[in-house]
Amino acid sequence: PKVIWEKLRFVRPDGRNIVCGSFYDERETVLRDGAFDLVIGNPPFKRIDEDAHATDIPCREMAYSVLKESFAFVREGGRVCLIQPSGILYNSSCREFAQRFFTRQTLETVFDFVSINQLFNANVTTVALLCKKAQPEAWHETRHLIFRRTVAVQKRLFFEIDHYDDHSVTQERVESCGWIWRVNLLGGGRLVALYDSLSHMPKLRDFINSKGWKAEEGYKGEVRGEENKACEWLTGKPFLPSEALQVDGIREEQITVVTERVFNRYRDLENFTPPLVLFKEHADLPSAFWDCGFLAYRHHVFGIFPKEMAGREKHTAALRRFAEEFDGRRETLAKLLQLTGTRAGVARATGSSRQNILDLPWPEKGFDFCEWEEALLEDLTDGMVEYVQKGERSRLLSQEVRGREMELFQQMFLVMLQGVYPNLRRVRWGAFGGFAYCAFCFGERAELDWPDDSWAREVKQLVYARFGEVLRTVRVVRIYHVNTILLVKPKRLRYWTRSTAIRDADEVFSDLRHQGY
Amino acid sequence: MSGVRSELCASGKITSGIAEKQHLDALVDFIYRTLPFWRDDPERPEADRETVLNETLCGMLNTRAKREIPCFHFIHEAAATGRRSMDMALKPDEKCVFSAREYTRYDTVLAIECKRLPAPSRDREREYVSGGDKTTGGIQRFKLSEHGAGLPVAVMVGYVQHGTPQTWLGTINRWIIEFAGSETDDGLSWSEDEKLAGFKNDRILRTARARSRHPRAAQQDHRGDHIQIEHLWVDMSEAEG
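Residue numbers (the numbering used here), protein chains in the order written: chain R, 73 to 589; chain A, 420 to 660.
For reference, chain R alone in the conformation it holds in the complex (with noise of 0.2 Å):
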C-alpha cells in the first residue's frame, strides 16, 4: 500500500546492540562477543574515498568493497547477503574482481534484478548475493534467480520467479565466464551451450587482422575541457551523417560536408580514404560498401579500410566481396548481437558498439544452426529482449497464447522429442481460467480427461505458489497420465514460445527418461 511507502517512518533505533559508525572502523566493538552467522544489508552505493578501502575494488564502488570485508564478520561456514550494484555481474570492468572473489567464497544464491529499474526509487540496478564464508566446492552450483518486472512488483504487492527463470550455474561457469548472468537473463538453458560454441568461433575482428585491414571509429568533434586541434584536410570534406546509413545503404543525397574546424580526435587519411566499409553502431547493424572518393564519418559510425594508403585499390574486390558476405548474414549477425553484445539486455535496445560487432563470431563457411538454433534466436530478437525491458509492457506479458503461437510451440516439442520418440504427436489444446494447456500423446489417440474451467481453481494452486507476503513462484504443471502428457501453464505468451518448447522438450524428456523410457 502506497501509505507504507510514503508515510511510515521508524522510530531511530538506540540501543545496546545497535553500533552506530563506520562499517569500515567499528570492526573490533562489533566483533567483541565474536563473529556473526549471517551479515545482511544493502551498503551504500558510492565512490570510496579513502585509498585504503579502494585497494582492487573496481570503479571504487563502496558497496564491493562492503562485501568483500564484511566476511570478516562472519564465523567460518556463516552467510552473507548484500544487494550490489548489477555490475558486479554484468560489467566487464569488475570481471577481475568477481572472479577472485568468486573463487575465495561460495555464492549460493544470486537475486538478480537487473530487469526492474526504480526498485529502491533510484536509476540503478542492482543484485543481491548470498554468499557462503567457505571456499566453493568444484561441483558446487550457484542458483541464479532473475525477477521479472511484472504489475505485481510495479504495484509493490510482491515479487515473482516463474520456472523459466530459475536457473543453476556450474562453479565452473561461476569462476571463468562472465557472460553466463547476461545468457541467463535471456533466457538461460540452451542459449548457454549456443553461446559457447559461437565463443569459440573466429571473430569478425580475427578476419579484418587477417586481411590486412583495420577497424576504426571515426573522428570526434571538439570537446570542451579537452585538448583539441584544427585539421585542415578534415574540414570542409564530404560528410556522411550516420542516419545517412541504413541497413541497405548509403543515402548519398543526405552526404553533406565536414563542419567542424577543430577536433579532439581527427583520425588519419587512411580512415576516410576508400576502398572502405562503414558500420553504425547500432543493433541492426547498417553497413556499406564506398568506394566513390573521400568520405568523413564521425564516431558513432566505424570503418574497414586497408592499413596502409599505398596499393590500397588492390583491396577494394576483396572489401566488396566482405561487404556483401556480412550484408548476407546480417539478419543471423543482428540476433547474434542481441546474445553475444555485453550491454545486450541490459542496455537500449538499439544501442551497440564497434567492440561488439567486431566480437561477433565470423565462420569462414557461414552459420548452419539448427531448427532449434534458429527458434532460440529468433525468440531474442522477437520477444525476450523486449520482455527484459519491458517486463508488464512487452507482448510477452501482456499477450495471450494464440492458435498460430500454440502450433509453434507444438511443433517446436516434437522437434526435440520425436528424434527418441517417433510415435509422439499432438493432441489437442486450449485455456480455462488464466491458464492454458496443450497435450501430446503416444500413439494415435490420448487417453485423458480434458481439463475444463472446473480445473482451474485446484490447477491455480498448484501454478501459484506463495512464500510469505513478497514472493510467489510460477510453476509448470507437467501430468503423465496413460499414453499422454499435459502440460498446464499462465495463458501468456511468455510461457508458450519456441523457447519454452525446447526447455520443457528438455524437461519432459528428463521425467521420461527417470520413468525407465
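Do not rely on the hints blindly, as some may be mistaken.
Taking beta-carbon pairs under 7 Å as the criterion, some of the chain R residues facing chain A (in silico) [what the hints assert, rightly or not]:
#	residue
1	C153
2	I155
3	S158
4	V492
5	G515
6	Y552
7	Q587
In the DSS-like style, the derived pairs of lysine-lysine whose C-alpha atoms are separated by at most 30 Å in a straight line are [unchecked claim]:
#	chain 1	residue 1	chain 2	residue 2
8	R	K275	R	K118
9	R	K292	R	K205
10	R	K283	R	K118
11	R	K309	R	K292
12	R	K379	R	K301
13	R	K275	A	K485
14	A	K485	R	K532
15	R	K286	R	K309
16	R	K437	A	K485
None of these hints come from the bench; they were simulated from the model.
Note that beta-carbon positions come from the ideal geometry of N, C-alpha and C, so glycine has one too.
Got chain R; can you put chain A on it based on the hints?
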C-alpha cells in the same frame, strides 16, 4: 529460499505407448546410421590413429545429433574413473546445464569405446576383447566398470580396416571362447554366453552390428550386475585401400 523450488510439479507416469529404455535404443540406432556418413564424408581427414578417428566421429555425431536427437550431445575423451578416459560419452544435452538439479554435467547416459580391427600391433591383437593385465581391452573395461559403471548399455564402435565384419565376428567370438577356458591376469572370468550374437551385416552401407551381454566384476560395481554391449562396426577396408 530452500523451500522455493519452482519446477517440481510433475505428476503421474506414462504406462503405455513407448518401450522401456527407448531413448537408449534410439541413441544406438542413431550412432549406427551415422557411421557410414562419417566414413564417406569427403572432408574427413585421412587418419589411422584411433584418437583422430574418434575425434572426427565425435564431431560428426554432434553435428547430426543437433538435428536428429537434440536431447543429447557427445563428449570426446571424457574422464571415466579417473585413470582412463572413455573414447566418447553421451550426455543429455542442455538439461544438465540449465537444470543441474536433475543431472550433473558428468552424468553419462551412454559410454562408447572405439577399437580398430585389426589392432595396430600384434601385442594388442585381442584388445577388442581384453588387454590382459594391462586392462586396455574394450569389453574388459566395461566388465571391470572402468567404463560405463552403473550403465545398463554401452557401445563399442569397430573401425574395420582390414578383413570383413563377418570374419571379425568369428575371430572375436573365438577369443571369448579361449578366455572362457582359461584364467585371465585381470581376475575376470569369462563364459561362452558372452559371445557376440544377433549379427546383422548391411553389405550396401558396409556396416554391421551385434550384441553381447557380460557380467560385471562384483568388486568394482557393488551390484555385480550385467552390461549389454552394442557392437557397431563400420567397414573402412575399401576406403583405406
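Against the structure, the hints:
Given the 7 Å rule on beta carbons, the hint for C153 (chain R) is violated: about 10 Å separates it from the nearest Cβ of chain A. Evaluation of the I155 (chain R) hint against chain A yields a violated restraint, the C-beta minimum of about 16 Å exceeding 7 Å. Look at S158 (chain R): its Cβ only gets to about 19 Å from chain A, farther than 7 Å, so that hint breaks. Here the hint on V492 (chain R) is kept, as its CB sits about 4 Å from the closest CB of chain A, short of 7 Å.
At its closest, the beta carbon of G515 (chain R) sits 5 Å from a beta carbon of chain A; the interface hint therefore holds under the 7 Å criterion. At about 4 Å, the closest approach between the beta carbon of Y552 (chain R) and any beta carbon in chain A falls short of 7 Å, and the interface hint on this residue holds. Evaluation of the Q587 (chain R) hint against chain A yields a held restraint, the C-beta minimum of about 5 Å falling below 7 Å. Restraint check for K275 (chain R) and K118 (chain R): the C-alpha separation of about 37 Å exceeds 30 Å, so the hint is violated.
The straight-line distance between the Cα atoms of K292 (chain R) and K205 (chain R) is roughly 48 Å, outside the 30 Å bound, and the hint therefore fails. Simply put, K283 (chain R) and K118 (chain R) have alpha-carbon atoms about 46 Å apart, too far for the 30 Å limit, and the pair is violated. A distance of roughly 15 Å separates the Cα atoms of K309 (chain R) and K292 (chain R); the hinted pair therefore holds under the 30 Å criterion. Of the supplied pair hints, the one linking K379 (chain R) and K301 (chain R) holds, its CA atoms being roughly 24 Å apart against a limit of 30 Å.
For the suggested pair K275 (chain R) and K485 (chain A), the alpha carbons sit about 23 Å apart, so the restraint of at most 30 Å is met. Restraint check for K485 (chain A) and K532 (chain R): not satisfied, since their Cα atoms lie roughly 36 Å apart, outside the 30 Å limit. Among the hinted pairs, K286 (chain R) with K309 (chain R) is consistent with the structure: their alpha-carbon atoms are about 22 Å apart, no more than 30 Å. At roughly 18 Å between alpha-carbon atoms, K437 (chain R) and K485 (chain A) fall within 30 Å of each other, so this suggested pair holds.
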